[in-house]
Amino acid sequence: MSSTPRPPSPQASPMRALRSAPSGVRAALRGLAHPSHPPVALLAGAPRRWQRLLPYLAVVALTATFLPVTVTVLTDQYGMNAALAGAIATGSAAPLLAIAHRPLQAWWVIFPVDVVCALNLAGLQPEDSVTWPWPPPILIGYLFLMLALALREPRRTLLTVWLLTGGVGLVLGQLRPGLSEGSNVLLFVLSGVVLVIGGAVRERSEAQRRLVEQETISEAERAQRTLLEERARIARELHDVVAHHMSVITVQADSAPYRIEGLPEAAREEFGTIAASARESLTEMRRLLAVLRSENAAGERAPQPGLDRVQQLVEATVRAGVPAELSLPAGLGPVPQAVDLSAYRIVQEALANVVRHAPGASVRVSVTSDGGHLTVLVVNGPARKAGSPLETAGTGHGLVGMRERVRLTGGTLDAGPLPDGGFRVAARLPLAPAGAAHSTDAADAADSAHTTETTAPEAPA
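Just so we're aligned, residue 208 is where the sequence shown starts under this note's numbering, counting upward by one.
Just so you know, these hints were derived from the structure itself, not from any lab.
Here the structure is a predicted model, which is why all the values come from computation and not from measurement.
Each residue gets a CB set at the ideal place from its N, CA and C atoms; glycine is no exception.
Do not take every clue at face value.
Simulated restraints on C-beta separations [said to hold, decoys possible]: (1) Asp461 x Gly578: 31 to 37 Å; (2) Ala407 x Arg614: 46 to 52 Å; (3) Trp257 x Gly330: 46 to 52 Å.
Please model the entire structure based on the sequences and the hints provided.
Given below as structure tokens:
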């Protein structure tokens, strides 16, 4: 059974024609049908309220100006019927209220109304001495519409609107060559100039916005990278501290059967188990450090610094031209290695900041202990000469490392500028975990560990 082909429906013809059109034409038509931006007004992100209201005030002023002027010009100079003139003026001026947030939709209303106005005025005589096909108020209002489009739409949409404006103006000019005085060409040229200027302003604004966003993202990434690097460094230093004590435990457990006579067999086995557990813990820490350490990063072979080397930091700062004083009590008592190392790093970073940001300023370093907490205080005055800092602005990444170390030990950090232009860094680090007391046995154990440090082999980092 044969079937006769069905004729194409009228609705399918435009869609089929659109599909058969070149890809560039289809993209241009889609650009006219769908705005490339959400319906958000110009300057919607401005910091001040009057700036956000400015586009709305401008479009209200444009509409209030062009509506009566267009009616007057069409009725007085062109002799158009008052009702028709009012309808055309409303259709060409009222949509200007929407150009602050929907300029492309306003163009779809204004442009056809302007064409209808030109067709209604085509019956004029050459001796009337009026501008055709675009009356002056319609031409000027259309330029404001082009500016709003240029500030919101992409190049492809702007090019399509511009070519349609020029094409329709050319066709209208051919209908009455003797009546047209070049206003169609004038609108085509002026609208092109407005589109170029508006597009350049929009692209420059977008480039500046993207640059600010990229700088913000880069700064956040740098701060995050600094934080991660500092955490990895702290993890490596903790490994070295813990590895030392685990090495001491291993050596003491292995040598106990030879140092202590008359140990029962059960005690010898217990010491062997302790030594094996300590060696296993060292192996696990080395594996963890291999994950934290960046690729091709070598372990630190030198002993970790502490408060015993703070005097060297102060002397180096003095040699750099910064007058510095150090207050360090002779007997601080036992200081946990993590606290000892953190205090040294805090003083090191604070003195480095003084050299970079306030060269020549006097600085005072004070380390005190009340038995339960270690207090590190670094205070410097203003720079000796105005404008002398080697770095006028800091990133704050040094403070990130300080806060990480203080948080690691469970202490507190107070850092900030002083009224006289100086800077103050105050860290309070606990000498024992919360709820733990400094007993004599703990002190003896620490002394024993430090004594054994000279003979115990150091675990590789």
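Quick rundown of the hints versus the structure:
1. For the pair aspartate 461 and glycine 578, the beta carbons lie near 35 Å from each other, so the given range of 31 to 37 Å is met.
2. Distance hint check for alanine 407 and arginine 614: the Cβ-Cβ separation is about 50 Å, which falls inside the suggested range of 46 to 52 Å.
3. Between tryptophan 257 and glycine 330 the beta carbon distance is about 48 Å. The supplied range of 46 to 52 Å therefore holds.
In summary, the structure agrees with every hint in the numbered list given earlier.
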